[in-house]
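Asks: Here is how the chains run, residue by residue.
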Amino acid sequence: MSEPVALSRATALDNNPRSRGPRLRGGARNLSPWTEYAIRRGGGVLLSLAILVVVTFFMVPLIPGDPAVAVAGADATSEQIDAIRHSLGLNDPLWLRFLNYVGDLATGNLGNSFAYSTSVTTIIATKLPYTAELALLGITAVLLISIPAGMSVGILTRGNRRKWLDVAFGMVTGFFQAVPQYVLATILVVLFAITWRILPAAGAATLTALILPVVGLSVGPICSISRVVRRETSTVLEQDYLRTARGWRLPALRLYARHTLPNLLTTALTLAGLILSGMLGGAIIIENVFNWPGVGKEIVTAIVNKDYPVIQGIILVLGFLAIVLNLLVDVILGLIDPRTLGGKRSNG
Amino acid sequence: MTDSNSAQAAGSAPVLEVKDLVVTFGAGSSAVTVLKGVNASISRGQTLGIVGESGSGKSTLAKAIVGLVHASSGSILVDGIDVGRMTGPQRRDMRRKVQMIPQDPYSSLNPRRTIGQTLAEAIDPVRSSPMLHREKIEYWLSTIRLDADVASRYPHEFSGGQRQRIAVARALAVEPRLIIADEITSALDLSVQAELLNLVGRLRRELDLTMAFISHDLDVVHHVSDSIMVLYNGDVVEAGSVDAVYQNPQDPYTRKLIDSVPGGPGFDIG
Amino acid sequence: MAKTPRTPGRRFRWTPGLLIGVVMMSVMVAIAVVAPLFLTSSAETLTANPSQGPSAEHWLGTDDFGRDVLARSLVATRLTLLMTVSTTIMAVVGGIAIGTAVWLAPAKVRNGALRLIEAAVAYPSLIFALLIAAILGQGTWSAVLAIAIASIPAFSRLTANMAASISQRNYVSTARLLGVPGPRIITRHLLPNMAEPLLILTATVFATTLIELSSLSFIGLGVQNPEYDFGRLLNEALVNIYSQPLQAVMPSIMITVTGLSAMLIGDGLAAASDPRGGRRHRTRRQASELPASLRSSADALVEVDNLTITAPTGKELVKGLSLSIRAGEVVGLVGESGSGKSLTAMSIAGLLPEELTVSARTLRVGDLDLLGRNDPRRMATEIGLVYQDPGTTFNPALRMGSQLTEVSRVHLKESRTTAVAKMVKALADIRITRPESRMKQYPHQLSGGMLQRAMIATSLVSDPKLIIADEPTTALDVTVQADVLRQFRSINRERGTAMLFISHDIGVVQALCDTVIVMNGGKVLERLTGADLAKGNVKHPYTKALLAATPSMSERKTELVALRSDAFNLDEEIEEVSP
Amino acid sequence: MNTARSVLSASAVAAALLLTSCTTGTTPSAGGSTGPSTDTVRTALNSDPTTFNAAKANAKDDYEVARFLYDTVVRRDADGKFVGGLATDWSATPTEASLTIRSDATCADGTAITPSIVAQSLNYFADPATKNNFGKLVFGPGQPTITADDAAGKVNIKLAQPWSELVGGLTLAQTGIICPAGLADLDGLAKGSVPAAFSGPYTLTKASHGVTYEMTLRSDYKAWPKYAKALDGVPAKTVKLFPGVNKTTVANQLLTSEMDVSDIAPADTQRFDGNKDYTVSTVPFAGIFVLFNQRPGSPFTDPALRKAVAQVVNQQAFNAAAYAGKGIAYNSIVAPTVACALPDNSKLTKEDTAAAKAVLEGKSFKMVGTTSIGPNGAGSTYLQEALRAAGATLDLKLVDNGTWATMTQTKPETWDLTIQGDANFVGTVAASLTRIAGVPTEKGGRNIGGAENAEVLADISTAQNASDNAARCAAYTDAQTSILADNDIVPLVGEPQIVVQRAGFSIQAPSGIVDYGTLRITK
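Chains A, B, C and D, in that order, are what the protein sequence lines are. Residue numbers for the first sequence follow my numbering, beginning at 1 and rising by one. Residue numbers for the second sequence follow my numbering, beginning at 349 and rising by one. Residue numbers for the third sequence follow my numbering, beginning at 619 and rising by one. Residue numbers for the fourth sequence follow my numbering, beginning at 1198 and rising by one.
Since the hints were made in silico from the structure, they are not lab data. Here the structure is a predicted model, which means the values were calculated and not measured. Certain hints may be false.
When the alpha-carbon atoms are kept at most 27 Å apart in a straight line, the in silico DSSO-like pairs for lysine-lysine are as follows [said to hold, decoys possible]:
{"hint": "1", "chain 1": "D", "residue 1": "Lys-1594", "chain 2": "D", "residue 2": "Lys-1563"}
{"hint": "2", "chain 1": "D", "residue 1": "Lys-1403", "chain 2": "D", "residue 2": "Lys-1388"}
{"hint": "3", "chain 1": "D", "residue 1": "Lys-1278", "chain 2": "D", "residue 2": "Lys-1419"}
{"hint": "4", "chain 1": "B", "residue 1": "Lys-411", "chain 2": "B", "residue 2": "Lys-445"}
{"hint": "5", "chain 1": "B", "residue 1": "Lys-445", "chain 2": "B", "residue 2": "Lys-367"}
{"hint": "6", "chain 1": "D", "residue 1": "Lys-1473", "chain 2": "D", "residue 2": "Lys-1278"}
{"hint": "7", "chain 1": "A", "residue 1": "Lys-163", "chain 2": "C", "residue 2": "Lys-933"}
{"hint": "8", "chain 1": "B", "residue 1": "Lys-604", "chain 2": "C", "residue 2": "Lys-1153"}
{"hint": "9", "chain 1": "D", "residue 1": "Lys-1403", "chain 2": "D", "residue 2": "Lys-1434"}
{"hint": "10", "chain 1": "C", "residue 1": "Lys-1162", "chain 2": "C", "residue 2": "Lys-937"}
{"hint": "11", "chain 1": "C", "residue 1": "Lys-726", "chain 2": "B", "residue 2": "Lys-384"}
{"hint": "12", "chain 1": "B", "residue 1": "Lys-411", "chain 2": "C", "residue 2": "Lys-726"}
Kindly generate the complete structure, drawing on both the sequences and the hints.
Replies: Right, here's the structure in full:
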């Protein structure tokens, strides 16, 4: 939730078109840039994953509350609780549990839920598609709306034209960004489901049930990304290469779609990657309001249940997805703009 | 390798000696060797001009000498002491013996610090209050022909040439053994460049400065240097006294370089 | 010549958004200070009238405990702001500490740490905050700590990025050479120069923190009774949203207004620190009735009569300039920065920055009247353009081939294959090796000389009548420059293309140009032939001084003539205006 | 550019495919927003059932689903009466019981449910190794002996100690009869993946964790209980249960016809007020009372302090804060509907803030509360505010249920008082009394207050030995009076379970306990 906004500003600030890193000329090295890139990033991914596993494993048991007591229920005797504690393996020393956990991870096993008679893998496999569905639709909406909107405003206000549009755009996007998600979601339900009865209030049963959650999830990011795109657009419009394109007297559409858009994508996609991984994990509030069976809600329940394996499993999977997405975005950026392969992302 | 032909005091050890300097960036298959065994020396009071085109390694050489880039092999001796073998505190001390004047007048001065603060930091990097060093600051400002009240002003109040002069003063204020001027005139207009070159010339005479003057502009190097060194692709292709090299270049690359200078005797674009 | 904008010292600009933001935030702060003094008792005393609707006594009704909803919303402002401010401070201080410490660390540690920070940034921060809050237990300070810790990675990454870009500035490496200790480099050189962007970021962090803290309260992990912030009030109110909607209204408004005002302040600060901002654009070009100061010939290919270019501030950058170029003629414009030579060229190319106002009696190329609207096809095909820095004139995101064939495909309506084939031939003609594969490469994979030659090649594709070259060799190495100059020479000889060649280098101009025009202060000072210039056969004292100020390897001058523009009767403005 | 474009479009296609597969996966065959088909009931669960093994059902959701899947031998009818389930007839004394098992009942795989099967299942339930929390509530202290006489069609139960509430206990969903296939595969039983384990009217046909559970009516099922007043309507062919629904969202879904029957939050009741399309029934779900830590070191070993706290409490204010006024007033530790409950509130300590203030002024206590009592733990917040008004400071730690249980059961030093929710599943006075008067947690019992009350325990024993109702109630009245006089607890109100039924659907709460087995479609 926070990064996109915070980053948006930074990309605008970091933008220093003149500072180009050391560049390699074609053919100066033996390996293709992609191979080198794979080696460099592969190491980073492994390091991040290792730290993620260690931190997750040792952080989760710090949550107050005894899993055995939580599992045993309100009327359990201490004897029952001890038996449960033993059967959950909570009496083993932490390092041994960690070794076991890592061993299981190596075989793709995330362990069994403390609270439910099912494996963590099953729980995540059941719920992640719902979250992914919401997040993918959300990010699609974000990209489809915010890039054209931000670009249009950026183009219309270039060279400080239409000051009123600039102010209005800032106010409107700022306003929708400042409305907390749960308030917005509640308003959506009251209007569309309860008052007008045109969309379902909750649940994941029908296609129409997707609409409100997706809107609730993406309004904030749409605003934040369109602000970034707007800012980036005005930066790109000032670049020398755009003057070159103007010198070729290209038609407006070609000028903006071919010569401006690709240069915005670096920033927009970087942020989109962050927002997508944020949506995968951060849809908790939307999932709550719309009773959407996603992983965010599961982790809240798991914390209440002190269900360590589920908490650890979800955190690991989300972290893994975040790392993979980050990599994926970089690869896409590398295809769009091969300069980014050099290790420096143009927008930092 | 370079031996000045001027009438300098015989027997004095060179201020700077670079021996077989190799600098390689990266490792393994992606390694790029930027300097391939460079030799150079500068005697006290002399100015060595280093010319070369982009990618020749001249800026890397400057960075290696001041210690911003590590040598892969070879040695750099300042006053006969090998910089590479020094340990922490010694090296810090050594750093002050060699000062660099950077290229871009707009990024060479911290825009948030007054000229006085900037100079005070050069005089004493730790206790850098301008009040403590007022006299020295005034002295150095006077050497670059700026008034003393300039000390309380900020860089943006000055033109590019004035800033570059302040950068020169900052380097001088350290009282270094060696000054490295890295393309200090390339961002300046002709008129300002002339002013700066005159200043450098005057300071060389008055303060007996030892300098390495790096530039891509053969005219400028010719103007300020006693001896010259031509770098091409990490190698020294030619070195010697300015007059010898310019009038009778031995290496074909040097010849091509000199013939490419517009307005020069060998310049011809058909 | 590269011109770096001078950042500080500009006058602070109040944008409407910033003004609104500051006013709204001041109101919030005033409420935070005053409300608890007067309203605490009605906000916190339990009464026997729970869950009531609006009345004269309770404007927005009462909550489940019979407390006044309006009073609670107002009193909650103080805690909310305090929490948000504390969180922001912790996140900012932590982020700055990590971000700058990373910069101080040795390269290997730094790279590892940056990778880690990047991975942490990618991690969903709400989940992270949730976990921390769960571990710390519910409560005001644990919520503050949780959100602060979760915000640190993003902030430290941004700080590290900024520190990295500032540490490339020369004054930082110079400070290292001076022996300034690392921590002092941070406090003296890095932080002061990051202050502006950091302030903007802080405003943004404030806005997001506000929402995240309230989200935590919404999940039940935030502020606990008896304390209350907007988030907790909303959390309580949303339970009753259908039975008592009014209860949610006030906290919603308060939280939105606070967040919006922080965002507007951030935006406003960003706009104020943006050197490009604050310009007005004026594009109207009116024909001037001013008399010509120097004659221009009507039978020329290019005719500029009494050209005046005015900045939005009203300052005249080019003052009644006239020139003409005959077909096949190479005209050089020479002068120092700010002389107006580039502006003149760009106004002939029709590419002046929009905020500049152009007026002229005549401004035409062939029969194209540049004071009016022209067919873009004719503009593109009849005027070829070559710019200063080949490193920035090509779009980094597009392959060379698609850029080089734009004019052929768009204006000459050629098919892609034809255009590419033609371009490959053109590249081969100017001795670019492996032209087919160059077409598939990206600009950054080619050297500057190659890019500039490709630019020349593409400007020739439509066989233009005129090529305007704005300092085309300034960014090039001297041997490459000679090559490119040969190129221009042979084009002119073989095709008879007229050229307007801008340079600050007298040597270059005298070698290439038939006619040389010396400019300063937006005016033409002298007009002479290239041959005369080469011989030193000049009249104007400024031109003379220019020659005297030029060091030369042909002769060793003991002292260069310091050329001061104020010695001549000109406008002595040194301000640079980039076209 | 070409590569870039193709990769982008490829990923867009992939995303689209993923989306369609997701949505097709969740689109129900019947229904949509047009309303339910008449043979399906949609209802909500608090969260996922932790197990489908009835004998180990701990949470509310566990035994709600157990009602669909397993039949008990006896069922509750209105007015505290019992009616036959799998048993057609039964007889009971304080020490033993005999049940006659009906002959027409079958397991889901067609196996006839014989007395042996019933005895085997009850033995599994009573086995200490099963580690369930309800065995002692059903069979009393000690281990029962349960035998079957297939020839006579009878199951005989001998109790270790007198326990007169056996029949009531056998109505608990936890005592549902698990068929042999289930007992043979306990893992599968817990997952609900052994259809042959089910003895009730439904089988679990779909279990998607966190998403939905589906029960399908057995076509061969005939063992419906014969209530005194026959239920209207027909059982649903399919029951869909949606877990983990936010209560306010449930109310929305009921109003938009996306849900048919469900519990709602008290605050949302008024949205259904006067709406003839909905029936709202409220029953007490759990007694809520203030419980003091009476271990040495706690300030509440002092009876004067306990009394002062009791004098501060206002049931109506608590009710408004925690349950939007929908809570059921309690006169004692149990609901007024429970047999032998105190008939009026005369035994409660009277509200007297002035007197309380004199005792409490300046005092400071540690309280732990759970967020599940009242919205966001408003119940505990109320007590904190009330004590604050009386000049005492309450350092409140509001935590989730799991943490609350950990603190109250294993860390008595961290709290002085708490608000306890007491779900009395068997509907007896003893069930609630043993919780507060029995063996303390540190000694292996479930009394978190730590005050072992021999007098009360003796009363319970007397009641269990009593052969007639009057004697039993006399003993229970004595015990209730004693704990209220001592202010061991301060009764607040009963947490209401508010069930909304959309027109065309109904569910019963015989004797004040909602029974999901009575879910019917009446339209």
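Asks: Hint by hint, note whether the structure agrees.
Replies: Here is how each hint holds up against the structure:
no.: 1; hint: Lys-1594/D <-> Lys-1563/D; verdict: holds, 8 Å
no.: 2; hint: Lys-1403/D <-> Lys-1388/D; verdict: holds, 11 Å
no.: 3; hint: Lys-1278/D <-> Lys-1419/D; verdict: holds, 22 Å
no.: 4; hint: Lys-411/B <-> Lys-445/B; verdict: holds, 14 Å
no.: 5; hint: Lys-445/B <-> Lys-367/B; verdict: holds, 19 Å
no.: 6; hint: Lys-1473/D <-> Lys-1278/D; verdict: violated, 30 Å
no.: 7; hint: Lys-163/A <-> Lys-933/C; verdict: holds, 23 Å
no.: 8; hint: Lys-604/B <-> Lys-1153/C; verdict: holds, 23 Å
no.: 9; hint: Lys-1403/D <-> Lys-1434/D; verdict: holds, 14 Å
no.: 10; hint: Lys-1162/C <-> Lys-937/C; verdict: holds, 22 Å
no.: 11; hint: Lys-726/C <-> Lys-384/B; verdict: holds, 25 Å
no.: 12; hint: Lys-411/B <-> Lys-726/C; verdict: holds, 20 Å
Violation of the numbered hints given earlier is confined to hint 6; every other hint is satisfied by the structure.
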